[in-house]
Amino acid sequence: MLYYILKRLAAGVITVWFIATATFIAMHSVPGDPLMNDKAVSAEIRKNLERKYGLDRPVHEQYFLFLGNMLKGDFGISFTQQNRKVNDIIRDHFPVSATLGVLAILIASTGGVLWGALTAIYRNRLPDIIIMFLVILGISVPSFVFAALGQLLLVNINKLVGYSLIPVAGWGTIWHMLMPSLVLGLGTMALLTRLMRSSMLEVVNEDYIKTARAKGLSPTRIFFRHQLRNAILPVVTVLGPQIAAITTGGFVVELVFAIPGLGRYFVQAVQQLDYTVIMGTTVFYGAFLVFMVIVVDILYGFIDPRVRLQ
Amino acid sequence: MTDVLTRESRLNEDDFAPAQTSESVEQISRPSLSYWQDAWIRLKKNKRALISLYIIIGLALFTLAGPLLWRVDPALQDLNQISQSPSMPKQAIVVGPYQRWRGVTIEGFPAEPDEYLDTIPAPTGLHTYDDPTTQSVRLVWDPVTGAGGYNVYRNQRKPETINDLGLPLGGTLAGNEVSYEDRLNLERKTYYYSIVPTDGFDESSQYAILKVTPKLAITRDDALTRGLIDTADNVAFGDTINLEFHPFGTDYLGRDMLARLMQGARVSLFIGIVAPFLYVLFGIMYGGFAGYFGGNFDQLLMRFADFVVALPFLLFMILFKIAFGIGPGESGVFPMLIALVLLGWPATARLVRGQVLQIREQGYIQAARLLGATHHYLVIRHIIPNTMGVILVTLTFAVPSAIFTEAFLSFIGMGVAPPTPSWGSMCNEGVKTMLSHPHELFFPAFFISVTVLAFNLLGDGLTEALDSRLRSRD
Numbered sequence: 001m002l003y004y005i006l007k008r009l010a011a012g013v014i015t016v017w018f019i020a021t022a023t024f025i026a027m028h029s030v031p032g033d034p035l036m037n038d039k040a041v042s043a044e045i046r047k048n049l050e051r052k053y054g055l056d057r058p059v060h061e062q063y064f065l066f067l068g069n070m071l072k073g074d075f076g077i078s079f080t081q082q083n084r085k086v087n088d089i090i091r092d093h094f095p096v097s098a099t100l101g102v103l104a105i106l107i108a109s110t111g112g113v114l115w116g117a118l119t120a121i122y123r124n125r126l127p128d129i130i131i132m133f134l135v136i137l138g139i140s141v142p143s144f145v146f147a148a149l150g151q152l153l154l155v156n157i158n159k160l161v162g163y164s165l166i167p168v169a170g171w172g173t174i175w176h177m178l179m180p181s182l183v184l185g186l187g188t189m190a191l192l193t194r195l196m197r198s199s200m201l202e203v204v205n206e207d208y209i210k211t212a213r214a215k216g217l218s219p220t221r222i223f224f225r226h227q228l229r230n231a232i233l234p235v236v237t238v239l240g241p242q243i244a245a246i247t248t249g250g251f252v253v254e255l256v257f258a259i260p261g262l263g264r265y266f267v268q269a270v271q272q273l274d275y276t277v278i279m280g281t282t283v284f285y286g287a288f289l290v291f292m293v294i295v296v297d298i299l300y301g302f303i304d305p306r307v308r309l310q
Numbered sequence: 001m002t003d004v005l006t007r008e009s010r011l012n013e014d015d016f017a018p019a020q021t022s023e024s025v026e027q028i029s030r031p032s033l034s035y036w037q038d039a040w041i042r043l044k045k046n047k048r049a050l051i052s053l054y055i056i057i058g059l060a061l062f063t064l065a066g067p068l069l070w071r072v073d074p075a076l077q078d079l080n081q082i083s084q085s086p087s088m089p090k091q092a093i094v095v096g097p098y099q100r101w102r103g104v105t106i107e108g109f110p111a112e113p114d115e116y117l118d119t120i121p122a123p124t125g126l127h128t129y130d131d132p133t134t135q136s137v138r139l140v141w142d143p144v145t146g147a148g149g150y151n152v153y154r155n156q157r158k159p160e161t162i163n164d165l166g167l168p169l170g171g172t173l174a175g176n177e178v179s180y181e182d183r184l185n186l187e188r189k190t191y192y193y194s195i196v197p198t199d200g201f202d203e204s205s206q207y208a209i210l211k212v213t214p215k216l217a218i219t220r221d222d223a224l225t226r227g228l229i230d231t232a233d234n235v236a237f238g239d240t241i242n243l244e245f246h247p248f249g250t251d252y253l254g255r256d257m258l259a260r261l262m263q264g265a266r267v268s269l270f271i272g273i274v275a276p277f278l279y280v281l282f283g284i285m286y287g288g289f290a291g292y293f294g295g296n297f298d299q300l301l302m303r304f305a306d307f308v309v310a311l312p313f314l315l316f317m318i319l320f321k322i323a324f325g326i327g328p329g330e331s332g333v334f335p336m337l338i339a340l341v342l343l344g345w346p347a348t349a350r351l352v353r354g355q356v357l358q359i360r361e362q363g364y365i366q367a368a369r370l371l372g373a374t375h376h377y378l379v380i381r382h383i384i385p386n387t388m389g390v391i392l393v394t395l396t397f398a399v400p401s402a403i404f405t406e407a408f409l410s411f412i413g414m415g416v417a418p419p420t421p422s423w424g425s426m427c428n429e430g431v432k433t434m435l436s437h438p439h440e441l442f443f444p445a446f447f448i449s450v451t452v453l454a455f456n457l458l459g460d461g462l463t464e465a466l467d468s469r470l471r472s473r474d
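Chains A and B supply the protein sequences, listed in that same order. 1 is the number of the first residue of the first sequence in this note's numbering; add one for each residue after it. 1 is the number of the first residue of the second sequence in this note's numbering; add one for each residue after it.
It should be emphasised that the hints constitute simulated quantities derived from the structure, not laboratory data. Take these hints with a grain of salt, some might be off.
What the hints assert, rightly or not - The calculated BS3-like cross-link candidates involving lysine-lysine, where the alpha carbons are at most 27 Å apart (straight line), are:
1. 90/B x 215/B
2. 158/B x 211/B
3. 159/A x 158/B
4. 215/B x 159/A
What the hints assert, rightly or not - Residues from chain A that keep clear of chain B, each with C-beta distances beyond 10 Å, as calculated:
5. 3
6. 9
7. 55
8. 61
9. 64
10. 88
11. 91
12. 93
13. 103
14. 129
15. 165
16. 169
17. 171
18. 177
19. 213
20. 305
What the hints assert, rightly or not - A few chain A residues facing chain B, derived, Cβ under 8 Å:
21. 29
22. 30
23. 139
24. 278
25. 285
26. 286
Here the structure is a predicted model, which means the values were calculated and not measured. Quick reminder that beta carbons are idealized off the backbone N, C-alpha and C, glycines included.
Model the full structure from these sequences, guided by the hints.
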């Protein structure tokens with residue numbers, strides 16, 4: 001077990017290195033240079049700026065400098081927001097994105113399992129048909145449409161109540177988080193519902209269900225202890241990649257709901273060509289996702305005793 | 001015992017003639033079909049998949065043949081027609097240039113009231129002076145004794161009480177001035193005008209209401225400059241002409257939505273279909289060779305694929321897009337395409353590799369190898385055609401995700417930049433005016449959803465149709 005975790009972690013470190021290198025190459029093949037945007041700087045100022053950001057050195061030296069600083073956990077200073085370190089930006093804004101993401105994952109996974117199980121019980125009957133129709137809608141409607149509609153819904157609710165019951169945008173209280181995390185989790189919830197349904201229907205025909213029924217166990221017990229527990233396994237496997245999808249899907253939700261998360265910062269940094277912020281955020285996100293996938297895989301080993309971790 | 005023997009001895013030759021069977025002998029009841037013929041037949045039985053296929057063909061026609069039929073320039077901005085809702089063809093009356101109206105003043109009627117009444121009665125005989133048009137609505141009414149002026153209100157619904165009269169337009173300041181001309185942002189709607197007499201200071205509690213529906217009017221000069229008529233010679237005032245027809249309405253710059261949707265479909269479908277096609281092709285080659293040769297070569301290739309999978313997809317889409325020389329604000333269809341291909345292939349490669357590893361061990365491959373087939377021949381002729389089913393399904397499911405990616409990037413302003421329309425960038429523009437003009441968001445979002453849905457359902461249908469294990473169920 002420990003060996004497996006160590007092995008996965010080592011592979012993870014190499015992956016993060018690969019991500020960092022790919023980011024570095026991508027950013028250095030951008031035409032022009034980061035200081036291009038500054039209006040008419042004199043040659044001396046330019047030289048100073050280049051020295052400050054280490055741009056006057058050869059590319060391979062910059063690369064090793066970048067890797068070295070990264071190992072120390074230092075992503076450098078923002079190009080556009082003077083005197084603000086990339087680390088500070090990540091520290092200030094990542095918790096917001098993470099909260100949003102965790103809430104969305106919670107909503108998506110509980111919702112997906114619940115609806116999926118429900119559709120399997122009511123197979124080909126009205127609840128199943130209604131939920132599956134909604135699922136198809138959830139899969140095919142883009143997230144930004146949901147975000148816009150969600151905001152519209154909040155506006156109308158507030159109008160109906162007469163005062164600002166649920167804030168339409170911004171961040172701070174639990175009320176602010178409600179709609180964005182729901183919108184963010186919706187697509188994943190639809191996907192998980194579909195997965196859960198087919199996996200439930202497969203489990204129903206398994207021999208151990210028949211055995212349990214023959215033993216005279218109550219239907220509720222069979223449902224919760226035998227069916228649900230086994231059907232949930234495929235859902236857990238896709239959770240890792242879905243965390244990645246939700247994290248990046250947060251960009252749109254953060255933009256629409258004016259949430260001060262890291263995703264919004266990333267988009268802003270790209271628009272302003274803020275090189276250090278782009279590189280720092282990408283590597284950070286990449287490392288985070290790699291780590292999450294490893295965690296989910298290890299958790300899977302605990303949930304499903306049949307999986308031997310090697 | 002003896003009886004039996006005697007009966008046996010009575011057997012004659014007829015007893016050995018072949019028996020007549022009442023039931024038909026077992027036959028091969030199905031015609032021999034190739035894998036693809038069989039899959040096609042089963043796909044045709046799946047109604048949802050078939051409808052999806054028709055929708056996809058329809059969308060292709062919409063974007064390719066549509067602009068030939070609907071010859072409206074998607075880039076043409078018409079600031080006279082900003083954010084029009086979808087409608088039937090509109091007609092307008094040609095009118096002359098606006099001419100000042102002197103109004104109606106009754107000679108001999110006192111301008112100032114002689115005596116102050118407690119309640120001034122509502123004016124009677126409220127009517128329109130001429131045909132009400134969107135150029136002007138001219139109201140005339142009979143003077144009321146005791147009135148020193150009149151206030152005019154306009155509402156878009158029928159007023160219930162005196163507090164519900166709507167927008168105060170203005171009025172007259174003399175009891176004998178009994179007309180008012182409304183030229184304030186008139187549209188082709190129904191308006192309720194209310195006239196409230198005043199004694200010069202206070203309003204009466206009585207009022208008269210008139211329901212007016214002005215006709216859409218356009219001046220002849222306007223019609224000429226907008227190209228609705230060729231010459232002014234054969235068009236008289238009062239004639240009706242057809243206005244520009246916008247079946248799906250117009251956007252915030254007055255551009256025709258239908259034409260833009262058709263052109264936007266090109267970008268969306270181009271990226272949505274070409275990018276998956278390219279990266280699936282690359283994935284087939286990559287995974288095919290890795291799986292076929294196996295060993296360390298396979299390990300090396302697959303480790304690399306693992307790394308590419310680990311790259312955060314959308315972040316790198318954006319990074320690559322900048323890296324390929326497109327700054328923010330420039331249209332970037334090709335950088336987006338390249339970025340999608342660079343990041344999309346590993347999933348297919350893994351899948352194909354898995355398939356190839358299975359197929360490689362099959363008997364017919366060994367037979368072919370025994371007959372002296374080269375690697376190249378084996379991969380191209382035997383292995384890849386046998387993975388085609390899985391690949392086709394992957395391709396179908398890859399299309400919606402590519403369309404989503406394009407829409408997503410365009411929505412956050414990192415994809416196709418204006419003025420090039422794509423469904424995603426149209427959503428981006430439409431979401432800003434979502435409350436007042438919902439059609440600008442609805443149509444592009446609807447098209448994205450329908451396309452994604454059609455490809456998803458087709459993919460489901462293909463999965464079922466191509467799965468030969470399910471064949472015996474029919």
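Now the hints, each set against the structure:
1. 90/B x 215/B: holds, 11 Å
2. 158/B x 211/B: holds, 8 Å
3. 159/A x 158/B: Roughly 24 Å separates the two Cα atoms, so the pair holds.
4. 215/B x 159/A: violated, 35 Å
5. 3: Answer for residue 3/A: holds, closest chain B Cβ roughly 19 Å.
6. 9: holds, 14 Å
7. 55: Its Cβ never comes within 10 Å of chain B, the nearest being 17 Å, so this holds.
8. 61: The claim stands: residue 61/A keeps its Cβ more than 10 Å from every Cβ of chain B (closest is about 21 Å).
9. 64: The claim holds: residue 64/A sits with its nearest Cβ about 20 Å from chain B, beyond 10 Å.
10. 88: holds, 20 Å
11. 91: Holds, because the least Cβ-Cβ distance between residue 91/A and chain B comes to about 19 Å, which exceeds 10 Å.
12. 93: At about 15 Å from chain B, residue 93/A clears the 10 Å cut-off, so the statement holds.
13. 103: holds, 20 Å
14. 129: Given a closest Cβ separation of 13 Å, the condition holds.
15. 165: At roughly 19 Å from the nearest Cβ of chain B, residue 165/A sits farther out than 10 Å, so the non-interface label holds.
16. 169: About 13 Å separates residue 169/A from the closest Cβ of chain B, which puts it past 10 Å; holds.
17. 171: Label holds. Min Cβ-Cβ 18 Å, cutoff 10 Å.
18. 177: Non-interface label stands for residue 177/A: nearest chain B Cβ at 21 Å, farther than 10 Å.
19. 213: Residue 213/A clear of chain B: closest Cβ-Cβ about 25 Å, beyond 10 Å.
20. 305: At roughly 25 Å from the nearest Cβ of chain B, residue 305/A sits farther out than 10 Å, so the non-interface label holds.
21. 29: holds, 5 Å
22. 30: holds, 5 Å
23. 139: Since the shortest Cβ distance to chain B is 6 Å, the answer is holds.
24. 278: holds, 7 Å
25. 285: holds, 5 Å
26. 286: With Cβ-Cβ at 5 Å, under 8 Å, it holds.
Hint compliance for this structure: hint 4 alone is broken.
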